[in-house]
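Enquirer: What follows is each chain in one-letter form.
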Amino acid sequence: MPSSPTRNWPPLPDPWTLLAWVALVGVGLVALYSTTHGPAADYLGSGVRDNFYRQMVWAGVSAVGIAIALLLPLRVLRQLAYPAYGVTIGLLLLTLFVGAEVKGTRAWLALGPFRLQVSELAKVGTVLAVAQLLSGRHTRGASNLNFALKAVALIVVPGVLVILQNDLGTALVFFGLVPIMLFWAGLPLPVIALMISPAVAGYLALLSVPVALGFASLFTAGLWWTSQRRYVAALAATFTGGVTAAVSLVLNKILQPYQVDRLLSFTNPGAEQFRQGVGFNLVQSKAAISSGGLWGQGFMQGTQTQGAYVPEQTTDFIFSVIGEEFGFVGSVVTLGLLAALLLRLITLGSDVKHPFGSIVAAGAVGVYLIHIFINLGMVTGILPVIGLPLPFISYGGSAMLAHTALLALVLTTHMRRDDLSIYGY
Amino acid sequence: MDEYEVRVRIYAAVVVVLFLILGGRLAQIQLFNGAGDGGAAGNAVRERPVEPARGAIYDRDSTLLVDNQPTYTIMLTPRYFDRSKTGLLADLMGVADSTVTRKLEAARAWNPFRPSRSFRKVSFDTFSRVQEHLYELPGVSHEIELRRRYHTAARSAHALGYVREISNQALAQNRDDGYRAGDFIGKMGLEKAYESALRGKRGSEFVLVNVRGSEIKPYRNGQNDEPPEGGYDLHLALDHEVQALAESLFVGKRGAAVALDPDNGEILSFVSEPSFDPSIFSRSVSGPVWDSLRTAPTDPLFNRAVRSGFPPGSTWKPFMSLVALEEGLLTENQRLDCPPTYRIGRRAFKNHQMKDEGRITVEKALEVSCNTFFYQLMDRMELKTWHDWAREFGFGQEIPLDIGEQASGLIPDSSYYDRMYGRWTDGYTINLGIGQGDMSVTPLQLARYTAALANKGTLPSPHFVRKMVHPRTGEVRRPDLPPAESIPIDSSSFETVREGMHRVMTDGTGQWVQIPDIPSAGKTGTAQNPHGEDHSLFIMFAPYDDPEIAIAVAVENAGYGATAAAPIASLMAEKYLTGSIADTWERRYWKTQLRDSVRSAPPKGFGAPSDSSVTEPPSQAPSADPLRTDAGARTDSVGAAPPASSAGRD
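Quick note, the sequences are listed as chains A and B, same order. Each step along the first sequence adds one to the number in this note's numbering, with nothing skipped, and position 191 is 191. Going from the second sequence to this note's numbering is simple: count from 1 and add 425.
Hints were generated in silico from the structure; no laboratory data involved. Incorrect hints may have been included.
Quick look at which bits of chain A chain B covers, simulated, 3 or more residues with Cβ under 8 angstroms [what the hints assert, rightly or not]:
1) 245–255
2) 292–301
3) 336–344
4) 374–383
In this text, a Cβ means the ideal position worked out from N, Cα and C, and glycines have one as well.
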């Protein structure tokens, strides 16, 4: 690593980010230890104990990954952006044909003893590629419609491939990245609002069609009032009202009743028709979190956790373990660590004056934010059950590696931000 | 602030807002229980009742009669059973794999989701082995139940009663008392009467269960557990050796025997035969077994000692003598005729075998059991006088007792005869003078009356339980007994009657059943009845001077009082007083006779539904047929030599 004394940047990554990473991985390992070495382990199958050590190995691998990423010059990173994107798209395609299917999702590539969830890596490739595109020599961010559309295409292609893998949760991450990255890259705010509005309207339509329609009217009126342009208002009405109509149509006419139950059960998972079926996860997860109270039941003492009541309690529902055994205090500490990391990453991104660095940071924060909000929203029952892991905490090597890689990218661009000349397009 | 800066802040603000939403939701769920699902405690913590040990029952010498035996059951829940563990379970249980498979199939056929009691009554060793491996045996659970265990040869079925699983109906009535389905409850006798003392208090263990319902570990290391509180032990007045002897002598007979301590009313022995083995209820009673108990024509569940009414026959004569003496109808040394027949109007009432004893005193009348002597007394006595004195002696009413239901027996008054017969004359009531006709008494009433004869005028309160002892604290509770009642008759009259009864044992119908070397007093009774063979009755107390035991025995359809009831009573008294049976030829003869030969004849019209009147409430028991009282009563007398005399000559 060439380190010239003339350089005035400290050759060190941001310590707070590293600290938050270590703390979050630690929280995840504690929760994982509780479920794999507590009383629950006795009947979860003999392999469950190994999951803890496997995750330790993944954490170690991820740490090494951070170190490697920090050694890479930014130039190399930028040059690798498109090839990396291309490789991940290729792997996604490969997975569609030769992937291993787990619980109905064909998202894993078997590499000897390891199984790699390619869609996780695709997030990294996509973030890199979009950053590279929008920080190109001839772009002025996403305010240039041409580049904005290209960026959307870069994100949507892997998103569609992931949908084909039947992994709705990860696909949502890609689609959620679209407004976030474009917002950061400078797309006008009303357009961003337009892009987000269908998601809000759709969510509200699941809860109550009249409320969704109310939101649609307010939103349309608001955009029309701020933009004073009729076509914007028309788009707003189409996006929000249209999505509301579409959602109620899909719910009532297209989807099978069991699919509707899956979507809607989160509103009342304890209902008689749900609690032993589609609502089971949620009832048990909420019961677990609720039983934590203020201080929690104590490490390896959670009655729900050690009774293995919550399915997927090491992966998507791992927060139920934290909530039950460490209570509201533990939950808030975890939440605080996540929020602190995200806010710190935003600060790091804004410190990098070059668009590449800041867009990578915004993309990483976007990926984390979507994961965190959907995961915790699901675990606490304010969102439908959508399978997404909690970054750094849930058991799962690919996600750990991918999320850490994103972090490492932000760290390295921030550390070497002076290598990126504002004029160095 | 440039536009870029604004976007950074908006982004940060969005992050903060979304995290606040999540934090608020967590606060709602964790601090205010907004999940609204009752939380995890109702889900993962299961309260497991810990049954208290039901109180044990001891006899008067603190010999253990009844206690509890844990029975271990291994249960299978097929839905959760891991088939790959079949071999392991079979090894632990010490059975073949195929046995486990078969049990599993049977359980599945019943209900795949609920635990089936697949291996009942396994040994403690087997149970412990399986219990140690429960954690690797999903779908396998266990149950420990305490069942009643009976220790002595004496069944004492009607005294002890039995416990059974509570019925749904009883459960609905007793829910407030904390009974649950599957609990055992006393159904008869002492088990029923002392249910609240014996039962104890249920404890609780809280355990964590996993999503499959298997238990993981104690909840909070058992901090919340409540240990069960055992029930009180009952210490009875029963003598199990006398009881066992009496039961063995009753073989093949129907009837009852009650022995009291005349000083305090303690029940020394309490027999009702036929009976049943209370230990069969320690297992789950199969339908056929229960039905056969319930519908047997001999009605083994029926408590004859307190619920069947017998005409007392000549055992009534001491009562008549006492009343006549007290009412001034007779004095101690006054002689009355004892002719072969006594006429009332056109009807003749006869002595047994038409004996003529000449002019005799009341003592002699008791000794020879002269019917005509007592017909005269009854003829001179108002029915009301007779009735009031009979009630004074505790007849015609339920008497104090610490278990169960009783029959009151029948002591008629004039309104009874008005109601039954419309017009009636002295001929209808004259048989009451010799304990026949429209009257009945229960064996328990008869025993209490015998106790009063023994102690010269005090009717004690019969009771089984001397004390209840708390197994842990040693606290002693004594039952509240109603006070003894005293009979307002001069004790000199009692002396006279007792002397007559003593002569029964030395020179009269009881001479063949004397207790070797212990003077006693008694009175035989041979009660005619519309149900076939005569009922055999005997009352007795001993030792004569300071009685320690008063016994009444009634054997249905077994003939003379002297040949069935008397030897039973005498052997019981001897056993109680000496602890053994003297090895004399008379005693050997009676034991052999009673065990091998003396039997209750089948009741008349055996099996017909109308024929169980002896075992029905006494209002129906005595004959309602006036011709019945007309036929005259044959009672036993000295002349009616019991088979014993001929046997003696052999």
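Enquirer: Please check whether the segment 292–301 of chain A has three or more residues whose CB lies within less than 8 angstroms of a CB on chain B.
Expert: holds (count 3)
Enquirer: How about the segment 374–383 of chain A: do at least three of its residues have a C-beta closer than 8 angstroms to a C-beta of chain B?
Expert: holds (count 5)
Enquirer: Just to make sure I understand the rule, a stretch counts as covered if three or more of its residues have a C-beta closer than 8 angstroms to a C-beta of the chain. Does the segment 245–255 of chain A meet that for chain B?
Expert: Check failed, 0 qualifying residues.
Enquirer: Has the segment 336–344 of chain A got at least three residues whose CB is nearer than 8 angstroms to a CB belonging to chain B?
Expert: Answer holds; 4 residues pass the 8 angstroms Cβ test.
This entry does not satisfy hint 1, going by the numbered hints stated previously; all others are met.
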